[in-house]
Amino acid sequence: AQTVTQSQPEMSVQEAETVTLSCTYDTSESNYYLFWYKQPPSRQMILVIRQEAYKQQNATENRFSVNFQKAAKSFSLKISDSQLGDTAMYFCAFVYGSSNTGKLIFGQGTTLQVKP
Amino acid sequence: KAGVTQTPRYLIKTRGQQVTLSCSPISGHRSVSWYQQTPGQGLQFLFEYFSETQRNKGNFPGRFSGRQFSNSRSEMNVSTLELGDSALYLCASSFYPKTSGSFTDTQYFGPGTRLTVL
Numbered sequence: 001a002q003t004v005t006q007s008q009p010e011m012s013v014q015e016a017e018t019v020t021l022s023c024t025y026d027t028s029e030s031n032y033y034l035f036w037y038k039q040p041p042s043r044q045m046i047l048v049i050r051q052e053a054y055k056q057q058n059a060t061e062n063r064f065s066v067n068f069q070k071a072a073k074s075f076s077l078k079i080s081d082s083q084l085g086d087t088a089m090y091f092c093a094f095v096y097g098s099s100n101t102g103k104l105i106f107g108q109g110t111t112l113q114v115k116p
Numbered sequence: 001k002a003g004v005t006q007t008p009r010y011l012i013k014t015r016g017q018q019v020t021l022s023c024s025p026i027s028g029h030r031s032v033s034w035y036q037q038t039p040g041q042g043l044q045f046l047f048e049y050f051s052e053t054q055r056n057k058g059n060f061p062g063r064f065s066g067r068q069f070s071n072s073r074s075e076m077n078v079s080t081l082e083l084g085d086s087a088l089y090l091c092a093s094s095f096y097p098k099t100s101g102s103f104t105d106t107q108y109f110g111p112g113t114r115l116t117v118l
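From first to last, the protein sequence lines stand for chains A and B. Numbers 1 to 116, taken from my numbering, label the letters of the first sequence in order. Numbers 1 to 118, taken from my numbering, label the letters of the second sequence in order.
Among these hints, one or two may not hold up.
[As the list claims (entries may be wrong)] With the C-beta cut set under 7 Å, the calculated list includes, among others, these residues of chain B facing chain A:
1) SER33
2) THR38
3) PRO39
4) LEU43
5) PHE45
6) GLU48
7) ARG55
8) ASN56
9) PHE60
10) PRO111
11) GLY112
[Claimed, not checked] Quick list of the computed label-pair ranges, beta carbon to beta carbon:
12) LYS55/A x ILE12/B: 44 to 50 Å
13) GLY84/B x TYR54/A: 37 to 43 Å
14) ARG73/B x GLU52/A: 39 to 45 Å
15) GLN17/B x GLU17/A: 30 to 36 Å
16) ALA1/A x ALA2/B: 34 to 40 Å
Since the hints were made in silico from the structure, they are not lab data. Ideal Cβ placement from N, Cα and C applies to all residues, glycine included.
All chains, full assembly: derive it from the sequences and hints.
Listed below in structure tokens is the structure:
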């Protein structure tokens with residue numbers, strides 16, 4: 001079964017500090033794509049970052065970066081210089097295989113609170 | 001470019017009724033996926049449509065159905081509503097260019113429709 005596990009239900013960080021959210025996944029596929037989405041209290045799901053499994057280089061997007069460890073099936077998200085607007089639930093997700101087009105598999109989410 | 005829009009934003013129905021939710025994708029996007037989000041089950045995939053054809057389906061009963069129109073707009077329908085159908089229903093669209101050999105493209109989400117079944 002293809003699964004995503006986010007082991008930290010809740011986390012908090014002080015404004016301007018760095019925080020890392022964990023994600024592990026399980027798949028027997030060799031080609032897949034990984035994502036982090038953010039869902040603030042407004043409930044609008046927003047793409048944070050995307051990683052292609054065939055790429056060894058870790059993706060970065062401004063203050064957001066990932067640590068992708070393919071062998072360990074780990075895909076953590078690092079948020080640098082945390083801002084109050086980063087307060088949200090963060091979901092790790094992946095998609096694989098031509099028979100599973102459009103089907104994102106999500107983790108249970110990590111609620112992140114950024115404190116002033 | 002306008003984002004994904006979903007209507008209505010909020011719905012209240014009673015058990016046994018049926019409901020239709022609508023999703024308009026980003027202009028030029030041809031794939032639409034639907035998800036159900038609940039506190040207990042999290043985010044679960046319902047189905048995906050591309051060029052008016054359902055390409056993929058999640059593990060939901062037949063009461064959940066959908067369709068896609070020639071302009072890529074999509075609707076999902078839930079018949080014989082149950083209390084457990086109360087959820088946030090999210091729609092997401094992606095591009096899928098004709099020449100792409102990829103099996104996926106980044107999905108962009110709408111604001112969701114909050115369905116409450118009484």
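For each hint, the structure was consulted:
no., hint, verdict
1, SER33, "4 Å, holds"
2, THR38, "11 Å, violated"
3, PRO39, "10 Å, violated"
4, LEU43, "4 Å, holds"
5, PHE45, "5 Å, holds"
6, GLU48, "3 Å, holds"
7, ARG55, "5 Å, holds"
8, ASN56, "5 Å, holds"
9, PHE60, "12 Å, violated"
10, PRO111, "5 Å, holds"
11, GLY112, "5 Å, holds"
12, LYS55/A x ILE12/B: 44 to 50 Å, "46 Å, holds"
13, GLY84/B x TYR54/A: 37 to 43 Å, "39 Å, holds"
14, ARG73/B x GLU52/A: 39 to 45 Å, "30 Å, violated"
15, GLN17/B x GLU17/A: 30 to 36 Å, "49 Å, violated"
16, ALA1/A x ALA2/B: 34 to 40 Å, "37 Å, holds"
Against the hints set out earlier in the document, violations occur for numbers 2, 3, 9, 14 and 15.
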